[in-house]
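Q: Given the sequences, and given the hints that come with them, work out the whole structure.
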Amino acid sequence: MPAPLPTGPLVTRDHIATQLRLLGVDSGETLLAHTSLSSLGWVNGGAVAVVQGVLDALGPAGTLVVPTQTGDLSDPALWQNPPVPARWWERIRATMPPYDPRLTPSLGVGVIAETVRTWPGALRSAHPQTSFAALGARAWEITEGHAPDCRLGEHSPLARLEKLGARALLLGTGYDTCTSFHLAEYRIPAPLVRVGRPAPGGGWETVTEVSITSDRFDELGHDFERDRPVTRGTVGAADVRLFPVADAVAYAERWLPLHRSREHELSHPDTL
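Numbering (the working numbering), first residue to last: 105 to 376.
Keep in mind the hints are simulated off the structure, nothing from the lab. Among these hints, one or two may not hold up.
Using 25 Å as the maximum straight-line C-alpha spacing, the simulated SDA-like pairs for lysine to any residue come out as follows [to be verified]:
(1) Lys267 - Asp331
(2) Lys267 - Thr277
(3) Lys267 - Ala303
A: Dropping the structure here:
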């Protein structure tokens, strides 16, 4: 029996570039993109065509930025999907390969982000758990100087993007993926947590960090979109949202203290 035909729609590089321009993506701007390949439909060329289409819309003076997080470089005692036996924990900590921005693959951010990470000329920030990769004119400015004790705060690419007037692009993803909201967590009263990870020279280290969690980001995004200008449209079958990073951060700074309890944050200290 022949395999069923794909339901589509058929999406091409040119289609992606055209639809993004119609949504208001400007040549020369900087985009922080959160993406889902499967949401788009049947993409001729897959993730490579998507990256090409976004770069076409941005032009040679533009910059594409994606999260390239590596949540697996973390304490095995906290792993849940799946967990590992407690008797393995010390051996895992002692032998976990350290972060290498050139080699360490991203995890949980999708094939498009991983394609950007490995793209010729891409630069990647130095944080071993919450790095970003960038392509284009401002890639170095955005990725350089990501402090090892600042996952998503003032010394991360997020603060650079805010300062540069970048916009966030949710391409087939929801507000639960919106890393811009995390920058607000560094600007409101928040608990500190101890975060374990492989040390740069081998072995294990623990650093003190601001507690971050994506819990309730979907609710936050709903209210943000209700109260602030957000451009909405589609690319292929994917719902798309486009908005300034600075607007999202400022709104989250006001929303989070009113809607999250301290106990809630303490019960979810390391969700990225």
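Q: It remains to establish, for every hint, whether it holds in the given structure.
A: Outcome of the hint check:
1. Lys267 - Asp331: Holds, because 22 Å separates the two Cα atoms, which is no more than 25 Å.
2. Lys267 - Thr277: Roughly 24 Å separates the two Cα atoms, so the pair holds.
3. Lys267 - Ala303: This hinted pair is violated, its Cα atoms lying about 30 Å apart.
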